[in-house]
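Enquirer: For reference, the chains in residue letters:
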Amino acid sequence: MTLLTALPVILPLATAVAGLLLLSRPRWQAPIGLAGALALLAAAAALLVRTWRDGIQVIEVGGWPAPFGIVLVSDMLSAVMVTVAAAVGLAATVYSFRVVDAGRISAGYYALIHVLLMGVCGAFLSGDIFNLYVWFEVMLMASFVLLVIGGERPQFEAGLKYVALNLLGSVGFLSGVGLLYGAAGTLNMADLAVRVGEADADARYYTVVAMLFLVAFGLKAAVFPLYFWLPASYHTAPAPVAALFAGLLTKVGVYSLLRVFTLIFTQDTGYTRELLLWISAATMVSGVLGAAAHQDMKRILSFHIISQIGYMTMGLALATPLALGGALFYMVHNIIAKTNLFFVAGVVRRLRGSYELKDLGGLARAHPWLAAAFFVSAFSLAGVPPLSGFFAKFIMVRAAIETREYAVAGVMLGVGLLTLFSMVKIWTEAFLKPSPGGAVSEGAVGAASWVPVIAFALLAIAMGVGAEWWWRPMELAGQQLFDRTGYIEAVLGGGAR
Amino acid sequence: MNSSILRTMARLLASLLLLASLYLLWRGHNAPGGGFSGGIMAAAAFVLMAVAFEPMAGWRATRVSPLVLIPLGLGIALASGFAGVLAGDGFMAGQWVTVAVGDGVKLGTPLLFDIGVYLVVIGVALAVIIPLMGEEE
Amino acid sequence: MELLLAVTVGWLYACGLYLLLRRTLAQVVIGLALLTNGTNLLIFVAAGLVRGEPPLIGEGQEVLAAGTADPLPQALILTAIVIGFAIQAFAMALAYRVYRSVGSDDIDALTTTEPPPPPVAVQTAEGEP
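Chains as they are written, first to last, in my numbering: chain A, 1 to 497; chain B, 1 to 137; chain C, 1 to 129.
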């Protein structure tokens with residue numbers, strides 16, 4: 001019996017408790033947050049290594065055996081996602097040091113980040129569909145509060161829209177869980193996979209339930225046509241919070257889609273995959289067109305989140321081991337690049353006091369390092385070799401061609417081109433063109449903001465240059481997702497240690 | 001609200017509610033009740049005092065912010081999970097001891113967990129409700 | 001009984017969705033509450049109704065007798081109620097804050113997050129130390 005699989009949930013909770021207990025001492029908040037984030041990253045990395053070496057890890061909470069008790073399961077998909085989430089949490093914590101104001105800190109800002117991380121890691125590790133719902137809600141509660149604390153009118157308004165939409169998604173999710181339990185009589189995901197696949201199971205009923213899950217997770221993942229809330233809320237949050245949301249929250253929705261549609265709902269793949277294919281294509285195209293239409297840096301980036309989500313769900317729609325591994329590769333690449341773009345946008349805002357492209361300019365000359373970090377992340381997102389995005393898109397396009405979906409491959413390449421277009425728009429407007437107001441007074445940016453920006457830019461380069469090495473765990477994850485028997489056996493088979 | 005009937009009854013009812021909430025908490029691991037319903041009832045007692053007198057009327061005697069209850073309760077609940085680890089049964093596995101009172105009272109980590117939930121629920125409820133009442137002035 | 005409860009669930013969903021589409025903030029919050037309760041009831045009905053057979057293990061027995069009610073949906077509903085309580089409390093507090101800062105409970109007045117953002121909104125978008 002090992003505790004390691006549960007540590008990514010326990011550590012953030014312990015950190016949050018420590019931070020909230022010492023809320024009256026604002027000076028201690030950041031160090032506690034940093035220590036917790038470092039510990040979380042170490043635990044997540046250890047879990048990743050163990051899952052890579054020893055196969056799928058299962059822990060039965062409270063010692064109750066599956067499928068009756070609650071299990072935490074770490075396969076390669078979960079382990080990779082937890083590790084990336086921990087890295088983003090650490091970067092956001094460091095980035096927050098000089099950026100976040102005293103009001104937010106004394107409202108428990110750093111502790112809330114850890115509550116958010118606990119929800120995210122819990123969702124990634126949960127092997128129980130109802131617990132997935134609970135972790136979703138933990139994550140959402142933390143994100144609601146992070147969005148509105150210390151806020152003004154725009155934050156309240158955005159928060160209300162965000163809360164209402166997410167609550168609606170949660171209702172759909174919970175209805176799906178209830179109907180699933182009513183028919184299958186179990187909540188354990190591996191057990192559900194067995195029951196739903198049984199010969200006498202009513203495939204049509206489960207397809208209806210699957211659609212409830214599709215809507216619920218699709219809303220959280222912001223796929224077409226359920227993405228409208230995202231550009232209306234993310235851009236009002238402070239830069240580190242927006243980066244954390246952009247990097248992680250939608251990806252939890254994508255993760256859940258990947259999980260339930262590869263593990264549980266495999267009874268009617270002809271219909272679900274066709275639907276996912278169309279949704280993914282529509283998401284990619286509508287997101288990138290939205291980005292092309294806007295002039296506010298954070299808003300452009302918000303629309304790009306949407307179009308990138310389409311690539312990941314496309315991996316699910318194609319559903320070959322290559323495509324599923326590619327979806328994970330894409331997710332990791334996207335979290336790194338996207339988070340960093342929001343970091344950069346935050347630095348730009350602090351330097352020049354605006355996100356509007358027409359107010360910006362001359363940043364490449366004044367801040368070559370910032371320009372370099374933006375260049376790497378933005379052009380990685382657009383899929384320029386040898387950066388991480390190139391290989392992510394390469395894998396996806398190849399998976400599409402292998403399954404003879406040539407139109408899909410074409411859409412992917414076209415959207416990549418449009419992504420490049422809007423990144424070039426930010427690049428020329430904010431960085432290359434001369435500053436509109438002549439000489440500008442610049443705000444100060446501390447070293448704490450630079451460290452995560454540079455680190456994530458280096459990661460994006462490393463993921464491109466060492467794509468071969470990064471691909472290996474993702475490839476294994478793709479195979480584990482494609483062949484679900486390994487997961488089912490690890491959870492249900494003989495005592496499961 | 002200025003009603004002497006409410007004020008007179010509020011003191012009595014609030015103490016009864018608190019007592020009942022402790023009863024619910026105590027029996028919760030094995031019978032209807034538990035940390036959540038107990039916590040909600042205790043919070044209702046403080047809200048009743050708040051309605052009858054002024055927002056902090058019932059709570060002030062504790063001299064701490066209701067917010068402190070949230071991490072305290074979370075910490076207790078988390079700690080109760082580690083008892084199982086120390087005993088070698090795994091995280092969150094229930095541990096029981098029998099105290100020789102009367103027929104023997106079994107005390108266990110589920111009760112500790114419930115106490116944590118109880119505190120969190122009171123903390124969250126009051127942290128949301130009391131500031132809203134204060135703004136009516 | 002199943003039919004009655006199923007109709008009730010549908011009615012709660014319908015009312016909740018209708019209120020959600022209204023322009024008044026308070027009605028939206030109430031709509032969300034109705035939806036949450038409808039879902040709780042849905043879990044209860046979907047898992048099957050058993051009358052007068054509480055899931056109690058009799059004296060001297062090791063397992064539940066056949067035909068007793070399933071305790072798990074009740075545990076699920078309880079958890080869902082707790083979560084729903086927290087989120088509704090938060091949504092109410094937030095709706096009140098929005099009402100105070102906007103000065104109106106009309107949803108159509110919530111325009112600061114939509115393009116084009118007025119300069120005031122952009123300046124407050126990020127806290128300064």
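Since the hints were derived computationally from the structure, they do not count as laboratory data. Incorrect hints may appear among the rest.
Unchecked claim - With a straight-line Cα cutoff of 16 angstroms, these simulated EDC-like cross-link-like pairs (lysine to aspartate or glutamate) come out:
hint : chain 1 : residue 1 : chain 2 : residue 2
1    : A       : LYS425    : A       : GLU489
2    : A       : LYS433    : A       : GLU356
3    : A       : LYS358    : A       : GLU429
4    : A       : LYS433    : A       : GLU489
5    : A       : LYS425    : A       : GLU356
6    : A       : LYS161    : C       : ASP105
7    : A       : LYS161    : C       : GLU62
8    : A       : LYS161    : C       : GLU2
Stated by the list, open to error - Residues from chain B that face chain C, not an exhaustive set, calculated with beta carbons under 7 angstroms:
hint : residue
9    : MET9
10   : TRP96
11   : VAL97
Predicted model only: the values in this text are computed from it and were never measured. Every residue gets a Cβ at the ideal spot worked out from N, C-alpha and C, and that includes glycine.
Enquirer: A separate judgement is required for each hint: does it hold in the structure or not?
Expert: Structure-based check of each hint:
Using a Cα cut-off of 16 angstroms, the hinted pair LYS425 of chain A and GLU489 of chain A is violated, with the two alpha carbons roughly 50 angstroms apart. Distance restraint check for LYS433 of chain A and GLU356 of chain A: the Cα-Cα separation of roughly 14 angstroms lies within the 16 angstroms cut-off, and the hinted pair is therefore satisfied. Pair hint LYS358 of chain A plus GLU429 of chain A holds up; C-alpha atoms about 7 angstroms apart against a cutoff of 16 angstroms. Simply put, LYS433 of chain A and GLU489 of chain A have alpha-carbon atoms about 59 angstroms apart, too far for the 16 angstroms limit, and the pair is violated.
Taken as a hint, the LYS425 of chain A and GLU356 of chain A pair is honoured in the structure, with Cα atoms around 12 angstroms apart against an allowance of 16 angstroms. Between LYS161 of chain A and ASP105 of chain C, the direct Cα distance comes to roughly 13 angstroms. Compliance with the 16 angstroms bound is thereby established for this hinted pair. For the proposed pair LYS161 of chain A and GLU62 of chain C, the alpha carbon gap of about 50 angstroms is over 16 angstroms, so the pair is violated. With a CA separation close to 35 angstroms, the supplied pair LYS161 of chain A and GLU2 of chain C exceeds the 16 angstroms bound.
Residue-level restraint check for MET9 of chain B is violated (minimum Cβ-Cβ distance to chain C is 25 angstroms; threshold 7 angstroms). The interface hint given for TRP96 of chain B is violated, since its Cβ lies 18 angstroms from the closest Cβ of chain C, which is over the 7 angstroms cut-off. Look at VAL97 of chain B: its Cβ only gets to about 23 angstroms from chain C, farther than 7 angstroms, so that hint breaks.
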